[in-house]
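Peer 1: Sequence:
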Amino acid sequence: MSDTTGTVEEMANHINLSVRHLNRVFQQEMDVGTGEWLEKARIGRARELLSECLPIKSVAAMCGYSSSDVMRRVFGKVTGMSPAMYQKIYAAGK
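Going by the numbering used here, the sequence shown runs without a break in its numbering and finishes at 210.
Be a bit skeptical, because a hint or two may be false.
With a straight-line Cα cutoff of 16 Å, these simulated EDC-like cross-link-like pairs (lysine to aspartate or glutamate) come out [unchecked claim]:
1. K193 <-> E152
2. K173 <-> D185
3. K204 <-> E164
4. K204 <-> E168
5. K193 <-> E155
Note that these hints are calculated values from the structure, not bench results.
All figures in this text were calculated on a predicted structure; none of them were measured in a lab.
Taking the hints into account, I'd like the entire structure generated from these sequences.
Peer 2: What follows is the structure in structure tokens.
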């Protein structure tokens with residue numbers, strides 16, 4: 117999925133399934149819940165955009181987060197570092 121701004125509900129509607137059925141099928145086939153998968157996809161996209169040195173606020177919006185604070189919290193939980201630190205480390209490697 118290249119567009120990470122959507123929600124699980126939008127994914128289900130897009131493929132004409134109920135959220136409950138999508139979650140069940142997704143868990144069976146992917147061995148991960150739809151919400152967790154979507155968060156990982158968003159963080160993956162955020163990493164790409166942060167590596168391009170885009171502003172964190174813009175990255176948050178482009179990845180479907182309601183605010184940069186929400187993205188910071190999730191990013192930190194998944195990666196163990198803040199988006200700013202990730203960006204700083206990546207920029208130092210260029």
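Peer 1: All hints are to be evaluated individually against the structure, with a verdict given for each.
Peer 2: Taking the hints in turn, this is what the structure says about them:
1. Between K193 and E152 the CA atoms are separated by roughly 12 Å; this keeps the pair inside 16 Å, and the hint holds.
2. Distance hint between K173 and D185 is fulfilled; the C-alpha atoms sit about 9 Å from each other, no more than 16 Å.
3. For the suggested pair K204 and E164, the alpha carbons sit about 13 Å apart, so the restraint of at most 16 Å is met.
4. With a CA separation close to 11 Å, the supplied pair K204 and E168 stays within the 16 Å bound.
5. Distance restraint check for K193 and E155: the Cα-Cα separation of roughly 11 Å lies within the 16 Å cut-off, and the hinted pair is therefore satisfied.
Every hint, counting from the list given before, is met by this structure.
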